[in-house]
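Asks: Here is how the chains run, residue by residue.
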Amino acid sequence: MIRAFATFVFVALAALPARAIEIQQITSPGGIKAWLVEDHSIPFTSLSMMFKGGASLDAPDKRGAINLMTALLEEGAGDMNSVQYAEAVEGLGALNRFDAGDDALTISARALTENRDEAADLLRLALTDPRFDSDAVERVRAQVQSVIRNEATDPNAIAAKKLSELSWGDHPYATSVNGTEESVAALTRDDLVDAKNRVLARDRVVVAASGDITAQDLGVLIDRILGGLPEKGTVPLPEKTKLQLTGGVTVIDWDSPQTVVSFAQAGLPMSDPDYFAAYVADHILGGGGFSSRLMDQIREKRGLTYGVGTGLANGVYGETWQGGMASANGKVAEAVDLIRQEWDRFAEGGVTDKELNDAKTYLTGEYPLRFNGNGKIASILAGMQLIGLPADYVNTRNAQVEAVTAEDVQRVSKRLLHSDQIRFVLVGRPDGVTATD
Amino acid sequence: MNIFLRLSPLTLALAATPALAEMPKGISHFKLDNGLEAVVIEDHRAPVVVQMVWYKIGSADEQPGKSGIAHYLEHLMFKGTDKLGPGELSKTVTANGGMDNAFTSYDYTAYFQRIAADRLPLVMEMESDRMQNLKIGEDDWKAERQVVLEERSQRTDSDPGAQFSEERSAVQFYNHPYGRPVIGWRQEMEGLTREDAIEWYDRHYAPNDAVLIIAGDVTADQARELAEKYYGPVPSKADAARKARPQEPEQRSARRMERSDPRVAQPVMIRTTLAPERNAGDQKQAAALSVLAELLAGSAQTSVLARDLVLTGKALYVDAAYDGLTVDPTTFGLSLVPGPGVSNADAEAALDAALAKFLKDGPDPTQLERVKTQIRASRIYAQDSAHGRAYDYGQGLSVGLTVEDVNDWPDILAAVTADDIRVAAKLVLDSRASVTGWLLPDASATADAPQAVSADAAPAEEVQ
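Here the protein sequences line up with chains A and B, keeping their order.
Numbered according to full-length UniProt numbering, the first sequence spans residues 1 to 437.
Numbered according to full-length UniProt numbering, the second sequence spans residues 1 to 464.
There's no promise every hint is true.
[As the list claims (entries may be wrong)] Which residues of chain A face chain B? A partial, calculated answer using Cβ under 7 Å:
(1) G91
(2) A142
(3) V144
(4) N150
(5) D253
(6) P257
(7) E300
[Said to hold, decoys possible] Straight-line distance between alpha carbons at most 27 Å, and here's what the computed BS3-like set of lysine-lysine pairs gives:
(8) B:K284 x A:K354
(9) A:K301 x B:K135
(10) B:K426 x A:K301
(11) A:K301 x B:K142
For the record, the hints were derived by calculation from the structure and aren't laboratory data.
The beta-carbon is built from N, C-alpha and C at its ideal position, and this holds for glycine as well.
All chains, please: the whole structure from these sequences, using the hints.
Replies: See below:
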């Protein structure tokens, strides 16, 4: 009787939703480019601004400076101290988020239509005239150091940190954007000013907006916020880097009933002709939740974990194919073996037509669902510009997924998936697992 | 698969736009003859729809000795029916470009799919199917019990903060089952059987004990027609509704707890006190408590505790948390991490002094005005997420509120006065019904290693 639904599914596939979103590409009077999706149904605008390079532009001996600087942007600007500045933003009902990541420093802002200009003025002040008052610096510095200490006792963070360290050599990707307790302790106000000048500049910003604003008004708004920034950053953007990872097993002792597992091997850039084939392959192997082979073998069939998953991790400056899982100390060896077996089975045996079709239907069907809401649209559109995708990617992307054949999946799997090249980092007290180096 | 849901009081404030007696724009509701209540939330901006089915049954309805059964059954609900093989529902949703999941809390168990709007009939057919035709295979239930035990290991036993939280709840509630963890105590989870699960399902899973939410690119008429078609034929059950739970007696003793663990990076204090919940036609006190939490710690720079503790260096972080969307009385929570060089005792004394000052002086009018502005703005931003609004209605109706109660909530929040807040503050900040817990790095810990923590007064959501 399982067929009853299968028939329905087949029929439904013919009618994939394809309501294209309309992206306007504008240039502000001051020359700053932005993408816009206009929608006047709710009286607010979401704005996403990403400054390329992000925390990877930290000076080599000043790790954590850009992260600390970013956290201080909303802690006082112009003639307002941190409390006065926060009162002003809160009094407008505006929401601003500042985040320093590996690839970009991201500012996500929401403002009501009724006081959008005033909200923009406050953002401009934060970006162009932050105060870095010493009391705010010391307070936020202590908070960042506390985050660093906290990560040192979190097995997931410990595993991720070790994997990054093994992956990226002397590239900033190898270390946390937060820096270390020592590096953060040593940062001076001058370092924060220098950090700001490295990253907050008009030559490295991408902008997207969605909501209750016209193209013309957006142009004016962007100039209002960003026009006062220096034209150029003081340092060049980071170079792409090469993965240093080798196959093997790293074990970090941690007293816990479970072992946390992070693993990775080489990935491929989006410019690779087989990128979409790998993307489809990953979905079938481990990216597709309950539909994936890893979830089926390790959770559904054997109950060895609450969750296992993989993904193509494509940063602007480097990429891996990685995954994660947690499993009881006594069972994690079996679970890790199953990952290796599924890796080999995938590389050797390829995928069935049903797996391929199901994966493509998911990946193409899920894509338009992401664009539901001003906040999400602004964020996706800025992200696309950050990684260099054209605006019409939103309309061509599904065709690239559709074009993937079983042979493509087989070819890229054979090329990339090698179980002996996976590096597993295990944090816990795993039974029957030996570290290789 | 996990979505970890933590609704802040502000998020909860966000239901809909104009709210008086009539329904807000785009919101409609109806009830089928078999008792299924439904709410439709229209949002035609994107071709997406969310279906949620909330059962008004949760871990607080479990019998002593069977803790974890509500959540375990939630997992087994993915094991198939007469028509669907094990795991097929999720695979079908995924193969159609959608995602699905489920979660269990003290008061409800909910299932949802997010999918292209033209696939709504498909997910409604499958969800209505498992409302009445669940099959749990002999091979599946033991492996799934292992999965929920692994989930417990991952979420609770690998995290000293989560372990401490469940022990604090056990101490907070003398008699009410909110004192038991949603996921269950390990030794009881190990003994749960297929029969336990089937009995739970047979008794409680029925249309007259459920709430259907359809949110997104659908009209009220379409939703109603589909609901009639798929859920209409599901028979109701006579005895499905939850029974009244044992209630708390008067609590006269403030309690203190302490735990050290080498996996803890820095000391953190969490204090909870019993607090009233939102009730149908009676949400004013809960609204005052929600605004109180915002005033105390809603802003890292301008809130009462941020000014008195964080800006002065006494604490690195403070938080206040209250979630009134529960069936029975809940908790109001406060937490802090001591500042560099500040002893735990000094940090706690500074907190007590700040609270005493607030109790004496009441809220600052300009701060209250700013919080009201933020609540008003949040209400507009909330319209950006149909999924978020689906939660507001689903959770509200699951804990016994009416659609009108959910509609009215933003207005009730907006109407909170300084006097209401003084009364609410007295109720939860000057109470013996409290548990103050210190989670410490180890016995010889210093006080300078902080961590961002929330006072989790909100019931934990356990997710499939």
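Asks: Taking the hints in turn, state whether each one holds.
Replies: Outcome of the hint check:
no.: 1; hint: G91; verdict: holds, 5 Å
no.: 2; hint: A142; verdict: holds, 5 Å
no.: 3; hint: V144; verdict: violated, 10 Å
no.: 4; hint: N150; verdict: holds, 4 Å
no.: 5; hint: D253; verdict: violated, 12 Å
no.: 6; hint: P257; verdict: holds, 5 Å
no.: 7; hint: E300; verdict: holds, 6 Å
no.: 8; hint: B:K284 x A:K354; verdict: violated, 55 Å
no.: 9; hint: A:K301 x B:K135; verdict: holds, 17 Å
no.: 10; hint: B:K426 x A:K301; verdict: violated, 54 Å
no.: 11; hint: A:K301 x B:K142; verdict: holds, 10 Å
Checked against the numbered hints given earlier, this structure breaks hints 3, 5, 8, 10; the rest are met.
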